[in-house]
Amino acid sequence: MLRSRYGHLQPKLSQNQFQSPLYLESSETPGGVTGDIYALINSPFAIAAAALNEPARWCDILMLHLNTKYCRAANDSHGSALQVNIGKKHEQPVDEAYRVDFAYRVAAATPDYLMVMLTADQGPLSTHDYRIILEAVPLGNGRTFIHFTYSYAYGFSGRLAMQAYLGTIGSGKVGFTVMGKQSDGRALYIDGMRGMVERNTMRYYLAIEAFLGALSAPPQARLEKSLHDWFAAVERYPRQLHELEQSEYLDMKRKEHLRQRAEAGPL
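All the letters of the sequence shown, read from the start, carry residue numbers 0 to 266 under numbering that gives the first Met the number 0.
To be clear, the hints were calculated from the coordinates, so they are not data collected in a lab. Hints should not be assumed to be uniformly reliable.
Claimed, not checked - Distance condition first, Cα-Cα at most 16 Å in a straight line; then the derived EDC-like pairs of lysine to aspartate or glutamate:
(1) Lys254 with Glu223
(2) Lys87 with Asp75
(3) Lys11 with Glu27
(4) Lys224 with Asp35
(5) Lys254 with Glu90
(6) Lys172 with Glu234
(7) Lys88 with Glu247
(8) Lys88 with Glu255
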């Protein structure tokens, strides 16, 4: 089905606002939002699949996101899990960030298909039922086609919290879906809950791309390469994704990684 989807999406992958083989879509229901990205990446499937089906590597990916303050992979009686702390876009103590416990599962891993699922029952701002899903298939010539999904649900209190954010700190923020044109001819982008999920879906996808791209560097250089590459990728879309200056982002993330290594111990 993913290969078939690639065939249907080829026109949109070749010509789009991103100037990259990437297609993004989102949806909203009365109780949740979902963002989906389909993209062609220049990474051999065997290399990408080997890296993406390890829980600890997903911490490397999630830590690139500016709101991720801590991530640790662990095993418990239910299987593999990721302990993730989500917080502000600036420096913040781990104990002040919201802890989200993701169950990690490799749903399929064959020579020509990978499916990884991260699920969490509860999240910040009264959100719940988080789903991070990655599918990948090889396309030959060292390329891989991936489908990335990011979704969560919310009840009445969660919606109120989200609307409060969008009415204050998040006011003026937009997503990527073009809804029309403004009076001056500029694009009119989706906002609100769909805009929010589109921004974070893109941030997580760019983290996957940066992580895979850094695998070509020596192990000791991969962190710096992935940090620089993620920030550069985000800055291609300043209207939607610019939050920090590069020096502030790099300084914060270096400190978070040092803190994470220092605090690594029994859960």
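Go through the numbered hints given earlier and state which of them the structure violates, listing their numbers in rising order. 2, 3 and 4
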